[in-house]
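Residue numbers (our numbering): 1 to 643.
Hints listed in this document are in silico derivations from the structure and should not be mistaken for laboratory results. You may find that some hints are simply not true.
To be verified - The calculated lysine-lysine pairs, modelled on BS3-like cross-linking and capped at a C-alpha distance of 27 Å, are:
no.: 1; residue 1: K424; residue 2: K402
no.: 2; residue 1: K291; residue 2: K546
no.: 3; residue 1: K160; residue 2: K291
no.: 4; residue 1: K553; residue 2: K402
no.: 5; residue 1: K621; residue 2: K590
no.: 6; residue 1: K160; residue 2: K203
no.: 7; residue 1: K566; residue 2: K638
no.: 8; residue 1: K479; residue 2: K203
no.: 9; residue 1: K203; residue 2: K424
no.: 10; residue 1: K100; residue 2: K373
no.: 11; residue 1: K567; residue 2: K638
no.: 12; residue 1: K402; residue 2: K568
no.: 13; residue 1: K291; residue 2: K566
no.: 14; residue 1: K621; residue 2: K553
no.: 15; residue 1: K546; residue 2: K567
no.: 16; residue 1: K566; residue 2: K621
no.: 17; residue 1: K590; residue 2: K291
no.: 18; residue 1: K638; residue 2: K568
no.: 19; residue 1: K402; residue 2: K590
no.: 20; residue 1: K568; residue 2: K590
A quick note: this is a predicted structure, and the numbers were derived from the prediction, not measured.
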Amino acid sequence: MRIRRTATSVLAGLAGLALVAATGLAPAQATGASAAPSPTAVGVDLVRATAAGDTWTPRAEDYSDTVTITDLAIPMSDGVTLRGDLTVPAGPDGTAIETKLPVVVTITAYNKSLQAYAGGLAGGDQSYLVKRGYAQLTVDARGTGSSEGTWQAFAARENKDAGEIMTWAHEQEWSNGNTAMTGPSYMGISQIWAGSAQPPGLKALFPQVPGADVYRDVVASGGQIDVGFIPLWIGIVTGLGVLPPAVTADDPASGIGAQLSHLSGALTFTTPLLLNAVLGNEPSYDGQFYKERSAINVVDKVNVPTFFVSGEYDLFQRGTPLLFENLQSRGVPTKMIIGPWDHLQGSSGEDIDQAGHGELGELQLRWFDHYVKGLPDPTLDSDIAPLTYYEQGTGDWRTSQKWIGPQLRATSYRLSGSATTGVKNGGLTTGTPTAGTADVLPIPVAGLCTRSMNQWTAGLPNMTGLANPCLTNNALNDKAGVVFETEPVTTPVSIQGPINARLYVSSLSGDGMLSVAVEDVAPDGTVSRLTGGWQVISFRELDTAKSRHLDGKLIQPFHPFTKASKKKLLGGAVEPVDVEVFPTAAQIQKGHRLRLAVQAFDIPHLLPTLPDLLGHLTMIKVHSSATYPSELTLPTIKPATPR
1 MRIRRTATSV LAGLAGLALV AATGLAPAQA TGASAAPSPT AVGVDLVRAT
51 AAGDTWTPRA EDYSDTVTIT DLAIPMSDGV TLRGDLTVPA GPDGTAIETK
101 LPVVVTITAY NKSLQAYAGG LAGGDQSYLV KRGYAQLTVD ARGTGSSEGT
151 WQAFAARENK DAGEIMTWAH EQEWSNGNTA MTGPSYMGIS QIWAGSAQPP
201 GLKALFPQVP GADVYRDVVA SGGQIDVGFI PLWIGIVTGL GVLPPAVTAD
251 DPASGIGAQL SHLSGALTFT TPLLLNAVLG NEPSYDGQFY KERSAINVVD
301 KVNVPTFFVS GEYDLFQRGT PLLFENLQSR GVPTKMIIGP WDHLQGSSGE
351 DIDQAGHGEL GELQLRWFDH YVKGLPDPTL DSDIAPLTYY EQGTGDWRTS
401 QKWIGPQLRA TSYRLSGSAT TGVKNGGLTT GTPTAGTADV LPIPVAGLCT
451 RSMNQWTAGL PNMTGLANPC LTNNALNDKA GVVFETEPVT TPVSIQGPIN
501 ARLYVSSLSG DGMLSVAVED VAPDGTVSRL TGGWQVISFR ELDTAKSRHL
551 DGKLIQPFHP FTKASKKKLL GGAVEPVDVE VFPTAAQIQK GHRLRLAVQA
601 FDIPHLLPTL PDLLGHLTMI KVHSSATYPS ELTLPTIKPA TPR
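Using the sequences and the hints given, assemble the complete structure.
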């Protein structure tokens, strides 16, 4: 093991910085710069029923400096050695203090030696907790950075590593036996796997923007392959993994062996995986491969207090709330903040103080001081509600006891009349609809000028700081499809949770994709994209047992996405297709319109597999009538009961 700050480490960091820039992560370095604002984020009026600062203030630093010991060997039960960097408080002479401390662990796939240069990928400032009496252990996941083994993106062996890492940290002489975890995205998902192992000493988790269901959340939303984020992400992890790892003084052979195994993984796992998915082979369907890698399947075993951070424009917009709801339903202490953030914004936590509960480091300190150190905090639950979320439209921050609960009711809007691409809009009504049809044309540029483009490239366009009208007005993109909208509402409509669009359709090829956006149209014509959903027609089979209902109405459909469930429409048949529209929170204000936009593509987010490509270059007809009751169903907040 070595003390960081050697010339070799600095050079390695600079090399990593160059790689980050080359792989498209350069914008993430500028997380301190102002990002392009969302249309509702300008002049935010914060709603703070009880601000944390009124009753709790973060304690001062116990130590003014830190020291890092690099590449500690962490043995796994199968003989593979992982490597971790340990940061602890330093005394006045600059050496590590000898006091046993609680240990905060972060498991990363982004090369711990280079992560400091990755901006929003790395989460907050880890020294904040260290200077207040915690040790920070950052570990390279199997097959990445300086760790041995082959990376296989949350394969069963890697998931087992997470629990073993926590047990190892619990047992070390510099640990007081109590542990916690932090980190966004991949690092957040690792926390769920570690928690499910129930290792001794684990007291609390703080995952930012973690995913739950790999297939539905991000790999193949609606059944098409994500070509915006997944290849970029796999390329980044693989690229950072094949950099020459630091050769440790105590075991140089380990570094050489790690390098060879990382190269092998790039050839035997990542490249074949991407190729097989695009070719329509097994990875293009849901099944055991994704079940093994989906934290939603083990979250039932997580029993420690967990604080979630989620984003309304995040890659895991769908999954994070599901994890939160699982813990809350079982009585595990849990909280969640949902903000107007894409993936890099949610990962950095830079704007989390807008929710009114403090900055990221302060929230982590408060959570860990109470649940890890056992310090009294009698106002924690009164200061911070179980759920704090940003309401698009009003720009307010609101609180709730539950994500989906008795405060909601199902409100359905029927599609009404005919619509013509780029020319004539159809209607949405809670009254009596007019029969009509709409032809959705296969326009393969749909999606380029929309917030979806930013969302499914993890927020990279937004992080450039350059003004981009496509992120603030969806009007141009809507001309690439058909549109249905209400009259200006006379009473505000507040939405909270997942949405279902049931569209009765026919298709010339028997297939195609429905790309749906739920939007807010201001009186001046500005169209704000609130959320979206996608569904391949041939994957329309519904698993009713796993689908979610409110007041007897479907609000979150669950499709199997298996090869056996894939069935094209035959002979011009008209059948219902339920499109899962990812959850959000928004208010359609008085005088605004609620809009449903339907298109056949969402570029650069999704593309059909090569065998299905021709079948998706076809016109889809949407039908609306008494026989074909196409509708949009929203969970809306019930009006307050007069007292």
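(Q) Going through the numbered hints above, which ones does this structure break? Give me the numbers in ascending order. (A) 1, 5, 7, 8, 9, 11, 12, 17, 18 and 20
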